[in-house]
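Visitor: Given only the sequences and the hints, what does the whole structure look like? Please build it.
Chains as they are written, first to last, in the numbering used here: chain A, 44 to 156; chain D, 4 to 118.
These are calculated hints, taken from the structure and not from any lab test. There could be a bad hint or two in this list.
Stated by the list, open to error - Taking beta-carbon pairs under 7 Å as the criterion, some of the chain A residues facing chain D (in silico):
no., residue
1, G86
2, K143
3, G148
The structure presented is a predicted model; accordingly, all values stated were derived computationally and were not measured. For glycine and all other residues, C-beta sits at the position ideal for the given N, C-alpha and C.
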Amino acid sequence: AQSVTQLGSHVSVSEGALVLLRCNYSSSVPPYLFWYVQYPNQGLQLLLKYTSAATLVKGINGFEAEFKKSETSFHLTKPSAHMSDAAEYFCAVNKAAGNKLTFGGGTRVLVKP
Amino acid sequence: EAGVTQFPSHSVIEKGQTVTLRCDPISGHDNLYWYRRVMGKEIKFLLHFVKESKQDESGMPNNRFLAERTGGTYSTLKVQPAELEDSGVYFCASSQDRDRMYEQYFGPGTRLTVT
Chain A
44 AQSVTQLGSH VSVSEGALVL LRCNYSSSVP PYLFWYVQYP NQGLQLLLKY
94 TSAATLVKGI NGFEAEFKKS ETSFHLTKPS AHMSDAAEYF CAVNKAAGNK
144 LTFGGGTRVL VKP
Chain D
4 EAGVTQFPSH SVIEKGQTVT LRCDPISGHD NLYWYRRVMG KEIKFLLHFV
54 KESKQDESGM PNNRFLAERT GGTYSTLKVQ PAELEDSGVY FCASSQDRDR
104 MYEQYFGPGT RLTVT
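Guide: Shown next, in the form of structure tokens:
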């Protein structure tokens, strides 16, 4: 069975500071990995995805994530936080295209001016 | 191109009543998924349609939940009778067939409150 762990349900960062959201997964097969973001009163939006190509994945809004198989991690980073980054972020995994997604618990990001 | 739409956006019902949630996927997407987030918990998979067929319904909590996708277009999720623990946000997602199946597009969700 697959599982996803996001370390920290809430993260507070200052505007302009590094954003680092941690995600570790367990999967019996090489996974597909995703980061989704949910802005207030909106649905989930795909930030980026890893599908066995390059291990460093660039997404929208300046975010990127690195797949590290040895660490079973897929941490999300952004060099400089903007106020508009305040949202909830979800890491997810599935074991094959078209399969159900397994989500982590989510990390809510607060950006302080 | 219109995204995934869900109706209603909010629903408040009493325990024992029936509620039907609707999801309209992106046009041309054969795959449709239902997920649920109970307050304070992670988003969990409920079921997956490929066109009108149920591909995977392993996440359906019990037989009070009935999902349909007649004609392979929109889908409905009926809860009958509703219980307090059914409260949460119900998300629908869709994806294309073949090479793009891994990219699921989500709707805004339906917030269900059972009192």
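Visitor: Answer holds if the nearest beta-carbon of chain D is closer than 7 Å to that of A/K143; otherwise answer violated.
Guide: 4 Å, holds
Visitor: Was the hint right that A/G148 lines chain D, CB cutoff 7 Å?
Guide: This hint holds: A/G148 lies near chain D, its Cβ roughly 5 Å from the closest one there, short of 7 Å.
Visitor: Does A/G86 hold up as a contact with chain D if the rule is Cβ-Cβ below 7 Å?
Guide: Because about 4 Å separates A/G86 from the closest Cβ in chain D, which is inside the 7 Å limit, the hint holds.
The structure is consistent with each of the numbered hints, conforming to all of them.
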